[in-house]
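Chemist: For the record, the sequence lines run as chains D and C. The working numbering applies: residue 1 is where the first sequence begins, and numbers increase by one. The working numbering applies: residue 1001 is where the second sequence begins, and numbers increase by one.
Just so you know, the hints here were simulated from the structure itself, not pulled from any lab data. Keep in mind that a hint or two might mislead.
Unchecked claim - Distance condition first, Cα-Cα at most 20 Å in a straight line; then the derived EDC-like pairs of lysine to aspartate or glutamate:
| no. | chain 1 | residue 1 | chain 2 | residue 2 |
| --- | --- | --- | --- | --- |
| 1 | C | K1096 | C | D1135 |
| 2 | D | K96 | C | D1341 |
| 3 | C | K1022 | C | D1078 |
| 4 | D | K34 | C | D1211 |
| 5 | D | K22 | D | E150 |
| 6 | C | K1034 | D | E364 |
| 7 | C | K1022 | C | D1211 |
| 8 | C | K1096 | D | D341 |
| 9 | D | K96 | D | E71 |
| 10 | C | K1173 | C | E1150 |
| 11 | D | K34 | D | D135 |
| 12 | D | K96 | C | E1354 |
| 13 | D | K22 | D | D78 |
| 14 | C | K1072 | C | D1211 |
| 15 | D | K96 | C | D1211 |
| 16 | C | K1096 | D | E354 |
| 17 | C | K1096 | D | D374 |
| 18 | C | K1096 | D | D339 |
| 19 | D | K372 | D | D341 |
| 20 | C | K1173 | C | E1154 |
| 21 | C | K1036 | C | D1135 |
| 22 | D | K96 | C | E1361 |
| 23 | D | K173 | D | D78 |
Claimed, not checked - Restraint ranges, calculated between C-beta atoms of paired labels, are given here:
| no. | chain 1 | residue 1 | chain 2 | residue 2 | range |
| --- | --- | --- | --- | --- | --- |
| 24 | C | T1369 | D | A13 | 41 to 49 Å |
| 25 | C | A1295 | D | Q70 | 45 to 53 Å |
| 26 | D | T342 | C | E1365 | 56 to 64 Å |
| 27 | D | T255 | C | L1351 | 53 to 61 Å |
No experiment lies behind these values; they were computed from the predicted model shown. The beta carbon of each residue, even a glycine, is placed where N, CA and C say it ideally should be.
There are 2 protein chains.
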Amino acid sequence: MGGTPPLSPLAPAAFPKLPAIKGARFATAQAGVKYKGRDDVMLVHLPAGTTMAGVFTRSATRSACVLDCQEKIGAVSDLPAAILVNSGNSNAFTGKNGVESVERITSAVADELGLPQERVFTSSTGVIGQPLPDDRIRAKLSELHGALSEDGMEAAARAIMTTDTFPKGSETKVDIDGQFVHIAGIAKGSGMIAPDMATMLVYIFTDAVVDQPVLQDMVSALNESTFNCITVDSDTSTSDTMLVAATNTSGIRVTESSVGFMEGLRTVMLDLAHQVVRDGEGATKFVSVHVTGAANDADAKTHALSIANSPLVKTAIAGEDPNWGRIVMAVGKSGAAADRDTLTIHFGDILVAENGWVSPEYTEEAGATYMKNDAIDIHVDIGLGGGAATVWTCDLTHGYISINADYRS
Amino acid sequence: MGGTPPLSPLAPAAFPKLPAIKGARFATAQAGVKYKGRDDVMLVHLPAGTTMAGVFTRSATRSACVLDCQEKIGAVSDLPAAILVNSGNSNAFTGKNGVESVERITSAVADELGLPQERVFTSSTGVIGQPLPDDRIRAKLSELHGALSEDGMEAAARAIMTTDTFPKGSETKVDIDGQFVHIAGIAKGSGMIAPDMATMLVYIFTDAVVDQPVLQDMVSALNESTFNCITVDSDTSTSDTMLVAATNTSGIRVTESSVGFMEGLRTVMLDLAHQVVRDGEGATKFVSVHVTGAANDADAKTHALSIANSPLVKTAIAGEDPNWGRIVMAVGKSGAAADRDTLTIHFGDILVAENGWVSPEYTEEAGATYMKNDAIDIHVDIGLGGGAATVWTCDLTHGYISINADYRS
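The following block holds chain D by itself, in its conformation from the complex:
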């Protein structure tokens, strides 16, 4: 890496105070996989009875640890579980050797913690295509085991960072018939971010009691409107992983009809997703793209992503240029149904264009002033139907080029 990028100007003021999730214990260590002088490996121990759910990248070249997690995730077990994550090396496109690394690590974690290998989930994030020095990780397992603590979630958030400029955490509590369950999670990711799902690792923990199929359905459904609606650069990682663990330690049961729990989980997922965008490589603006009036929801998302991924739209925003013509261009190229003469475009509350042309009320000065905000809301009504979607992205700046033109060297 070519030095550490400066803190994103869109970073939250502080890392949130995360509650302990009873039974979920964390530890971190310096394994020296690639980075020196910082923690680069985290271990989570989850108690007997923990329910695991997850979603993963759909990349055709996904990494060995993703494939391993996917094989294991649906199984129901009452035994303890563990999650081990390293940063600095993604163990992706490392062939048979990569598969063997995952086997060696999961076997060693199982031995160290005295739980079955089928309950050990791993992730690796960092450079693609270099052999993972898994011996350095395995050498730290005893130290990690000894350090496990319910208070270690923030340190875990830091240990999994790569090009991230700030650690990402979020939490909420949900009232279930007068009793509270807690949800807390951490994430990493700042580049190679796009649907399916994002170059991201996300780990969320709750003390609720949830059956595996119920938790899996919730996570899969919520993923579509949260992590699958953010994009930094349209590139998709080979390693994207989100694991959600319900430790069942609160004794409070959640079912598929627990709307409050679903909302709480959505809040944490969306907050973490937004934090990833706020840490988009080189980002200086947080951009919400709302599309309404499309022929259907799928068309709306196609339009929204076409706008959010357009380099010309993203560079205009970087330049604080209210260049709405590029939004028209992005709608036009998306492939979804659109009619030039029924488009309506707003920047925040400012009506910019309607009926196929700039609005008579619109002034370039108003647009330019609006574009100086850190948070930009673009609203496009297609004028054809009832389809709607919202996606979130950031601008495309010199910072993105600087970070990515010399990453790895």
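Dock chain C against the given chain D, drawing on the hints supplied.
Modeler: Just chain C, lined up with the frame of chain D:
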């Protein structure tokens, strides 16, 4: 515009010497549509008997002049024809006013030159969404008429430039049964370049005798493997237009079985397409992406475009970083069939990866040395079938951000 970008380092050494195409006469003028102190409008007069063919952007928000050309292009006429093009303003997303501008311009050109309005084709290129001051163009028609000359094609290539850093021209001659027909063309375009087709205007002229349906079929077919295989930033213009005019003045007939003519036309189209990539905004590397071994040709093109459009691949090339892991990522995310363990990747003649991992012969030093070249060849064999495709792109640099973050301001 925020100043003139410096000449692309990938520019050809000189503008080619274009042959006169008998009967095709050119003129340029300073209409002051937006730019001052340079020609910004070109007029072409084509003799009676000229055959016109064309391909156009498929954007759903295409401009009024594109729609007007599309209506006119298929008609067969023995009367003279004209092409009028302005730079600085695209007359796109200008509503009813834009349609009226096209009507006024084509009517005025028809009156000035004494030919039917149905034979007047126009293009406009530049900023979207601002009213076209067509009176400034119409005021120059008499001057343009008086200046028409068979020698004016190079000046025409300069008059249609926007963010281009060099004018683009190409020519060839084709032996048809011992006699030569000539093909010569000009193009503009450097950003908003992507299939369907590219932010481009292309005008090609030949003195061959060709029937309209034959010429149209040739142009449509050749477009797929030339202009529709280049990409700078994946953004698609609302104004893309290619017009091909056969003046019939050589008396030499070309039919659908004239392989030599097809090849000649392909040569000129591909050369112009490559020049557009070489002038890609901020480009410092000319990149050819060859994909073979895909399940079919469509999959091969999907993979090739996924690689060519990936910001992470393009920034790695800008940084002269042989980061082949990002190529694996781009193949994985494309949506077309791929198998991690059957991929083979070459940089030029250097075998980089095979069988799901880096090749034992590959060295980082060899890759890094190769990446210092101005022209980079990436070859990916998917290892599944016989599908193949080649696309061309450039790297993504600070120059792209600089040009696009302050264009218009």
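Chemist: Going straight from one Cα to the other, do D/K372 and D/D341 come out at no more than 20 Å?
Modeler: Given pair D/K372, D/D341 is violated - Cα atoms ~29 Å apart, limit 20 Å.
Chemist: Would the hint linking C/K1173 and C/E1150 be met if the CA-CA limit is 20 Å?
Modeler: holds, 17 Å
Chemist: For D/K22 and D/E150, compute the direct alpha-carbon distance and say whether it is at most 20 Å.
Modeler: OK: D/K22 and D/E150 at ~7 Å, within 20 Å.
Chemist: Quickly compare the C-alpha distance for C/K1096 and D/D339 to 20 Å and report which way the hint goes.
Modeler: holds, 14 Å
Chemist: If you draw a straight line from the CA of D/K96 to the CA of C/E1354, is it 20 Å or shorter?
Modeler: Roughly 12 Å separates the two Cα atoms, so the pair holds.
Chemist: Does D/K34 pair with C/D1211 here, judged by a C-alpha cut-off of 20 Å?
Modeler: Measuring from Cα to Cα gives roughly 66 Å; hence the hint is violated.
Chemist: For the pair supplied as a hint, D/K96 and C/D1341, confirm whether the alpha-carbon distance does not exceed 20 Å.
Modeler: holds, 9 Å
Chemist: Is it true that the C-beta distance of C/T1369 to D/A13 lies inside 41 to 49 Å, as the hint says?
Modeler: holds, 46 Å
Chemist: Lying within 56 to 64 Å: is that true of the beta-carbon distance D/T342 to C/E1365?
Modeler: Holds, since D/T342 and C/E1365 (Cβ atoms, about 57 Å apart) stay within the stated range.
Chemist: Are D/K173 and D/D78 close enough, with their CA atoms no more than 20 Å apart?
Modeler: Between D/K173 and D/D78 the Cα gap is close to 25 Å, so the pair fails against 20 Å, i.e. violated.
Chemist: For the pair supplied as a hint, C/K1096 and D/E354, is the alpha-carbon distance within the 20 Å limit?
Modeler: Measuring from Cα to Cα gives roughly 12 Å; hence the hint holds.
Chemist: Per the hint of 45 to 53 Å, is the separation of the Cβ atoms of C/A1295 and D/Q70 within bounds?
Modeler: About 23 Å separates the Cβ atoms of C/A1295 and D/Q70, which means 45 to 53 Å is violated.
Hint compliance for this structure: hints 4, 15, 17, 19, 23 and 25 are broken, all remaining hints hold.
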